[in-house]
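S.K.: Listed below, chain by chain, are the residues.
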Amino acid sequence: MSNVPSDLKYASSHEWVRQEDDGTVTVGISDHAQDSLGDLVFVETPEIDGTVEAGEACAVVESVKAASDVYAPVAGTIVDTNSQLQDAPELVNTDPYGEGWIMRIRVDDPDALEELMDADDYEHFIAEEDEG
Amino acid sequence: MLQRTPLHDRHQAAGAKLVDFAGWEMPLNYGSQIREHEQVRRAAGVFDVSHMGVVDVSGPGALAYLRYVLANDAGRLKEPGQAFYTCMLNHDGGVLDDLIVYYLSEGRYRIVVNAARREADLAWLREQAGGQDLRIRERSEMAMIAVQGPQAEACLGQAVDARLENRLAGLKPFRAAETGDWLVARTGYTGEDGFEIILPGRSAPDLWDHLTDAGAVPCGLGARDSLRLEAGLCLYGQDMDSATTPLEAALSWTVAWKPEDRDFIGRAALEGQRAEGPARRLVGLVLEGRGVLRHGQALHSDNGGEGEVTSGGYSPVLERSIALARIPVGDDGPWSVDMRGRALAVRLVRPPFVRNGQAFID
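Keeping their order, the protein sequence lines are chains A and B. Residues in the first sequence are numbered from 1 upward in steps of one, following our numbering. Residues in the second sequence are numbered from 1001 upward in steps of one, following our numbering.
These are computed hints drawn from the structure, not numbers from a lab. All values reported here derive from a predicted model rather than from experimental measurement. All C-beta atoms in this analysis are idealised placements derived from N, C-alpha and C, irrespective of residue type, glycine included. Heads up, a few of these hints could be off.
Said to hold, decoys possible - If you anchor each label on the Cβ, the simulated ranges turn out as follows:
#1 B:Gly1031 with A:Gly50: 31 to 37 Å
#2 B:Arg1137 with A:Glu131: 39 to 45 Å
#3 A:Asn3 with B:Ala1359: 33 to 39 Å
#4 A:Gln19 with B:Gly1330: 58 to 64 Å
#5 B:Leu1171 with A:Ser2: 27 to 33 Å
#6 B:Asp1302 with A:Thr77: 35 to 41 Å
Said to hold, decoys possible - Residues of chain B placed beyond 10 Å of chain A at every Cβ, according to the derived structure:
#7 Ala1014
#8 Ala1022
#9 Ser1252
#10 Ala1268
#11 Gly1313
#12 Arg1340
Please work from the sequences and hints to get the whole structure.
M.R.: Next comes the structure, spelled out in structure tokens:
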């Protein structure tokens, strides 16, 4: 069973979102996503200060198996990216919700976060996906 | 319903991620493909390859038959236990499958074929055998375990009885020892020393347990693929298929041209291509920048040439992406790969990329 922390929000494209106190959100990919991809070997993060639309492909994770886009779960401005992933992409595998974070976004509209799934919904979502 | 090997419950107990491979439920990895890969380069790994097809060809007509259906010359296998790698071709010289042939004893040969080709191969082999004094028998009761890596001999020595252990030490590459219903061969698909053991399925779980007790780490098909890619070994269906000849897949060395009077299926077509010179060739690629080369990606040269990545992946030893690719003969580039709309430079190299744990290219 994959780990789905209850304090995070989730997108159907398997990103997680943590609301920080300063009006930004931290984004990464879920434990379920890293497990399906297998060992990561490269992470391409977006340009800092760039703007993204909700659902826009803005990062790429490449595993031993496949390349996969990471989508911005909400619209906003990229304020930071995880530079450690340049040399240590495996952090996404070993600590997807901590050291393996991918980017931080200053959110245009905080209400947009309500559109995302909570942990219970996401657990159901991946269970159904696995059955399908 | 997927087929299962006799080691299925061992895989589940070891936490394997199981996937459908050619109709078989096989381990992709047991947690980390890269760790498994590195284990084989540094120590020893054990693979369940029981999905591969084991076919015995026996009888007074077996040798003449094999000399006709295979591109290499089974007549070169003089001593029991000798083996070679070769291709089975169609009449156009296209590769129907690549395989290993073991000479067991006079009039007895064993062929190991790809899982995905097993049915097609058997149908083809039977079709060619009409009227000849031989028997073709699929040995689906057999399992196959590969133990690979610099410590493979030590691990296998610990896992078998003293009598068999003594025979392992003197076994040269591409030689096999038959003992009862076991065949232990010094062959593999990783670029490391190692063994492949064909044995009755009922005996496979015990050997697996003894090998893992001796320190060989279970490895999945993911590591098997990245290891063979580093070793520059072709994968059927990706690097060659029935529309590709051995000459276009860097496999000319698996074709026996001599003696010239040996007719084999595909010979006429291959001779023609050899005289004209093939238009395409298989090369190794290294990606200079970040990213991963993948099967099917398009290649472009500054001279207008076009090619294709046939097998690509990440090399844990070289810590960058490598590939096998098919490009036009005579166009040495510079070449670039189209990766998600961007052109990235690739360098042509001569495989292998890695052998016996050592990088073979800069």
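S.K.: Next, verify each hint and record whether it holds.
M.R.: The hints, checked one at a time:
1. At about 35 Å, the CB distance of B:Gly1031 to A:Gly50 agrees with the hint of 31 to 37 Å.
2. The hinted range of 39 to 45 Å is satisfied by B:Arg1137 and A:Glu131, whose Cβ atoms lie roughly 41 Å apart.
3. Checking the proposed 33 to 39 Å range against A:Asn3 and B:Ala1359 shows it holds: the Cβ atoms sit about 37 Å from each other.
4. For the pair A:Gln19 and B:Gly1330, the beta carbons lie near 59 Å from each other, so the given range of 58 to 64 Å is met.
5. As the Cβ distance of B:Leu1171 to A:Ser2 is approximately 45 Å, the hint placing it in 27 to 33 Å is violated.
6. For B:Asp1302 and A:Thr77, the Cβ-Cβ distance of about 39 Å falls inside the hinted range of 35 to 41 Å, so the restraint holds.
7. For B:Ala1014, the condition that its CB be more than 10 Å from all CB atoms of chain A holds, with the nearest at approximately 16 Å.
8. The Cβ of B:Ala1022 lies farther than 10 Å from every Cβ of chain A, with a closest approach of about 17 Å, so its non-interface assignment holds.
9. Every Cβ of chain A is farther than 10 Å from the Cβ of B:Ser1252; the closest lies at roughly 31 Å, confirming the non-interface assignment.
10. The beta carbon of B:Ala1268 is kept farther than 10 Å from every beta carbon of chain A, the shortest such distance being approximately 41 Å.
11. Some Cβ of chain A comes within 10 Å of the Cβ of B:Gly1313; the nearest lies about 7 Å off, and the non-interface call is violated.
12. Some Cβ of chain A comes within 10 Å of the Cβ of B:Arg1340; the nearest lies about 7 Å off, and the non-interface call is violated.
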